[in-house]
Amino acid sequence: MFKLKLQRLFTVNPSIEGPKFCSVASSLQFLDDGGQTNHQIHEHNTSILSTQIQQTPSMDPRFYVSALMNCKHLQQIKSIHAQLSVNGLLSDLLLINKLLYMYVRYNSLDDAYSLFDKMPERNPASWSVMIGGFAKAGNYTNCFETFREYIKSGEHLDVYTLPSVIRVCRDRKDLKMGRLVHHIAHKFGLHKNTFVCVALVDMYAKCGIIDDARKLFDIMPERDLTTWTVMIGACAASGNANESLVLFDQMRESGLVPDKVSMVTIVNACAKLGAMHKAKLIHDLIQTQYRSPDVILGTAMIDMYAKCGSIDSARQVFDEMPQRNVITWSTMISAYGYHGQGQKALELFLIMCKNRIAPNKITFLSLLYACSHSGLVKDGLQIFSQMQDEYFIKPDVKHYTCMVDLLGRAGRINEAFTMIKNMKVEKDEGLWSAFLAACRVYNQVEMAQKAAESLLEINPHNPSHCIMLSNIYAKAAKWDDVAKIRVQMNGKNVKKTPGLTWVEAHNTFYKFSSGDRTHCESNAIYEKLEGLIGKLKVNGYVPDTDFVLHDVSEEVKLGNLYAHSEKLAIAYGLMSVPEGNPIRVTKNLRVCGDCHTFIKVVSLVEGREIIVRDAKRFHHVREGVCSCGDYW
DNA sequence: GTAGGGTTAG
Numbered sequence: 001m002f003k004l005k006l007q008r009l010f011t012v013n014p015s016i017e018g019p020k021f022c023s024v025a026s027s028l029q030f031l032d033d034g035g036q037t038n039h040q041i042h043e044h045n046t047s048i049l050s051t052q053i054q055q056t057p058s059m060d061p062r063f064y065v066s067a068l069m070n071c072k073h074l075q076q077i078k079s080i081h082a083q084l085s086v087n088g089l090l091s092d093l094l095l096i097n098k099l100l101y102m103y104v105r106y107n108s109l110d111d112a113y114s115l116f117d118k119m120p121e122r123n124p125a126s127w128s129v130m131i132g133g134f135a136k137a138g139n140y141t142n143c144f145e146t147f148r149e150y151i152k153s154g155e156h157l158d159v160y161t162l163p164s165v166i167r168v169c170r171d172r173k174d175l176k177m178g179r180l181v182h183h184i185a186h187k188f189g190l191h192k193n194t195f196v197c198v199a200l201v202d203m204y205a206k207c208g209i210i211d212d213a214r215k216l217f218d219i220m221p222e223r224d225l226t227t228w229t230v231m232i233g234a235c236a237a238s239g240n241a242n243e244s245l246v247l248f249d250q251m252r253e254s255g256l257v258p259d260k261v262s263m264v265t266i267v268n269a270c271a272k273l274g275a276m277h278k279a280k281l282i283h284d285l286i287q288t289q290y291r292s293p294d295v296i297l298g299t300a301m302i303d304m305y306a307k308c309g310s311i312d313s314a315r316q317v318f319d320e321m322p323q324r325n326v327i328t329w330s331t332m333i334s335a336y337g338y339h340g341q342g343q344k345a346l347e348l349f350l351i352m353c354k355n356r357i358a359p360n361k362i363t364f365l366s367l368l369y370a371c372s373h374s375g376l377v378k379d380g381l382q383i384f385s386q387m388q389d390e391y392f393i394k395p396d397v398k399h400y401t402c403m404v405d406l407l408g409r410a411g412r413i414n415e416a417f418t419m420i421k422n423m424k425v426e427k428d429e430g431l432w433s434a435f436l437a438a439c440r441v442y443n444q445v446e447m448a449q450k451a452a453e454s455l456l457e458i459n460p461h462n463p464s465h466c467i468m469l470s471n472i473y474a475k476a477a478k479w480d481d482v483a484k485i486r487v488q489m490n491g492k493n494v495k496k497t498p499g500l501t502w503v504e505a506h507n508t509f510y511k512f513s514s515g516d517r518t519h520c521e522s523n524a525i526y527e528k529l530e531g532l533i534g535k536l537k538v539n540g541y542v543p544d545t546d547f548v549l550h551d552v553s554e555e556v557k558l559g560n561l562y563a564h565s566e567k568l569a570i571a572y573g574l575m576s577v578p579e580g581n582p583i584r585v586t587k588n589l590r591v592c593g594d595c596h597t598f599i600k601v602v603s604l605v606e607g608r609e610i611i612v613r614d615a616k617r618f619h620h621v622r623e624g625v626c627s628c629g630d631y632w
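Residue 595 in UniProt numbering sits at position 595 of the first sequence; the count goes up by one each step and never skips.
Mixed in with the good hints, there may be bad ones.
Here are the computed lysine-lysine pairs in the DSS-like style, where the Cα-Cα straight-line distance is at most 25 Å [what the hints assert, rightly or not]: (1) LYS215 / LYS152; (2) LYS394 / LYS427; (3) LYS192 / LYS173; (4) LYS398 / LYS424; (5) LYS361 / LYS394.
Ranges of calculated distance between the beta carbons of each label pair, as one might list FRET restraints [what the hints assert, rightly or not]: (6) HIS277 / GLU155: 47 to 57 Å; (7) VAL487 / LYS537: 30 to 40 Å; (8) GLU155 / HIS183: 10 to 20 Å; (9) LYS361 / VAL261: 19 to 29 Å; (10) LEU381 / HIS183: 52 to 62 Å; (11) LYS215 / ASN325: 31 to 41 Å; (12) THR194 / ALA524: 49 to 59 Å; (13) HIS277 / MET489: 37 to 47 Å; (14) PRO463 / ASN123: 47 to 57 Å.
Read the hints as simulated data drawn from the structure, not as lab findings.
Beta carbons: idealized from backbone N, C-alpha and C, even for Gly.
Hey, can you work out the whole structure from these sequences and the hints?
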């Protein structure tokens with residue numbers, strides 16, 4: 001139909017060629033795309049179009065502008081470019097800028113630059129399009145270089161260029177350049193522009209300078225939805241998701257209504273925090289505003305509920321979503337993984353394949369992770385082969401790490417080591433750490449030493465490697481070696497990250513550190529804990545001092561264990577969370593083995609469900625049994 | 001011609 005119409009038009013107007021032809025063709029295509037079926041309207045529009053072309057002089061640059069805008073292929077742009085050359089129109093700045101813009105839009109930066117380079121004169125738009133093009137393409141060197149030329153050229157700097165350049169600084173985490181651009185913005189009086197400020201806030205935040213980001217945010221003359229959203233996301237990214245929630249409320253109080261993007265940002269903050277009470281409130285808010293979430297928002301909500309400990313709510317959101325993509329499915333598979341439901345992850349993968357959703361690298365990573373955390377060694381090995389043989393996805397170091405973890409947890413240390421030796425991709429810290437952790441569980445001191453040496457070679461400054469090796473020596477009672485590492489660590493000024501646990505009660509979080517006495521009900525908490533441990537011992541709980549990692553006497557070891565942050569948090573949870581409700585606990589590190597046993601016995605003796613989110617996964621503990629199957 | 005969104009090993 002479309003072809004026919006074009007042919008007819010061409011017969012009526014044989015003079016139509018090049019850009020005019022493109023323009024007419026695109027317009028007709030547009031009419032077709034609009035589902036316009038009325039034949040008469042078609043005829044009418046077609047005739048208006050041809051009359052216009054006949055009446056307008058062919059040298060009018062406006063024609064070429066509209067023809068350019070209608071281009072659908074790079075080849076069309078090039079053909080118009082050639083026509084402009086022939087007609088001597090390459091001195092029209094507006095037209096060249098449009099051409100430049102189209103080259104950038106169709107990712108042909110070489111064409112764009114060769115045009116830009118030859119331009120006899122340029123205006124700020126020319127610079128901005130070229131620099132923005134380099135920025136979007138991730139061509140940092142050319143972006144900065146062209147920006148430098150722009151500044152040097154003495155041409156007026158308008159507001160459009162800066163955000164692109166700042167975004168590049170953000171992506172490269174180039175704080176030095178970022179500060180320089182900030183300085184330039186001041187110099188040209190553009191530092192109060194909202195677009196510039198938002199880009200700067202985002203840049204500082206992503207470079208880890210959250211204080212500078214916040215200062216800038218606080219003094220901004222006007223804050224729109226995007227500004228707030230950037231700041232809310234920045235807080236969550238810098239580890240202060242609680243502040244994100246505070247800002248979100250302030251934003252709403254200021255009269256702004258969150259859109260989908262800001263909802264996604266706050267949903268993420270909630271996921272980071274693991275705050276179930278907030279998750280429900282935000283879900284309600286989303287439901288009042290939208291009939292159903294879009295793919296991105298829905299996916300974020302699945303992740304939020306999963307990370308807040310409710311795999312059932314996550315699945316419900318998943319089931320109710322009108323549209324899902326590979327990321328949605330992968331998110332749900334990951335969720336089953338860190339909730340220790342490997343079998344469900346595998347089942348979901350089968351359904352996903354039946355639905356003809358093509359899995360990607362991350363889907364497989366989530367599957368392998370799920371297998372490793374549920375002890376499904378055979379399935380994991382099979383998935384690993386399937387990924388390569390059926391889907392032709394090459395494993396990267398993360399997939400190998402999962403495999404090493406899978407084999408290592410199952411005690412198949414030699415197989416894991418063979419895999420590491422034979423793999424063709426570069427080995428990193430994570431890979432060796434996974435292997436080292438397995439060596440530690442199975443007391444393979446010599447293998448552990450190999451791993452630790454590789455680790456310290458890759459990164460001599462990472463304290464956790466030193467701590468891990470010291471833990472292995474401690475477990476093997478090699479106290480001399482422990483002492484040596486401790487001395488090394490002191491010399492390097494490396495310290496162990498302190499363990500912290502939060503418990504959710506009275507719609508808020510209470511934080512505990514090891515041996516904490518800062519809570520106002522501290523005395524009662526210790527009393528509760530003491531009574532609890534007495535009760536537990538009667539039920540067969542024996543403190544496991546293997547997990548105390550200093551060379552101290554048994555008595556002192558017991559004392560340290562006794563006041564671990566998770567024990568204090570759970571004691572307080574028992575006091576303050578109403579009976580019948582689960583106790584929700586979040587720990588910044590992984591739960592130690594003794595605390596894990598403690599939690600299981602508490603769940604049995606007190607008849608309480610305890611949901612623990614540690615640095616890597618969830619433990620659902622009920623009636624003395626943990627969902628991780630003691631396998632974490 | 002300029003700013004903000006989802007999954008991922010240890």
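### Message
Taking the Cβ atom of LEU381 and the Cβ atom of HIS183, is their distance within the range 52 to 62 Å?
### Response
holds, 56 Å
### Message
Would the hint linking LYS394 and LYS427 be met if the CA-CA limit is 25 Å?
### Response
OK: LYS394 and LYS427 at ~15 Å, within 25 Å.
### Query
Is 47 to 57 Å a correct range for the gap between the Cβ atoms of PRO463 and ASN123?
Check passed, 54 Å falls within 47 to 57 Å.
### Query
Is LYS215 within 25 Å of LYS152, Cα to Cα?
Not satisfied, since the Cα-Cα distance of roughly 30 Å exceeds 25 Å.
### Query
CB of GLU155 to CB of HIS183, is that within 10 to 20 Å?
The hint (10 to 20 Å, Cβ to Cβ) holds, given that GLU155 and HIS183 are roughly 18 Å apart.
### Query
CB of LYS361 to CB of VAL261, is that within 19 to 29 Å?
Check passed, 26 Å falls within 19 to 29 Å.
### Query
Taking the beta carbons of HIS277 and GLU155, is their distance inside 47 to 57 Å?
Holds, since HIS277 and GLU155 (Cβ atoms, about 55 Å apart) stay within the stated range.
### Query
Lying within 31 to 41 Å: is that true of the beta-carbon distance LYS215 to ASN325?
Taking Cβ atoms as reference, LYS215 and ASN325 lie about 38 Å apart, which means the hint holds.
### Query
Regarding THR194 and ALA524, is the given constraint of 49 to 59 Å on their beta-carbon distance met?
The hinted range 49 to 59 Å holds for THR194 and ALA524, with Cβ atoms some 51 Å apart.
### Task
Could you grab the alpha-carbon distance between LYS361 and LYS394 and see if it respects the 25 Å cut-off?
holds, 8 Å
### Query
Can the restraint linking LYS192 and LYS173 be considered satisfied, given a maximum Cα separation of 25 Å?
It holds: about 22 Å lies between the C-alpha atoms, which stays within 25 Å.
#### Entry: Whether the CB-CB distance between VAL487 and LYS537 falls inside 30 to 40 Å
holds, 37 Å
Hint check: a violation occurs at hint 1 only; the rest are consistent with the structure.
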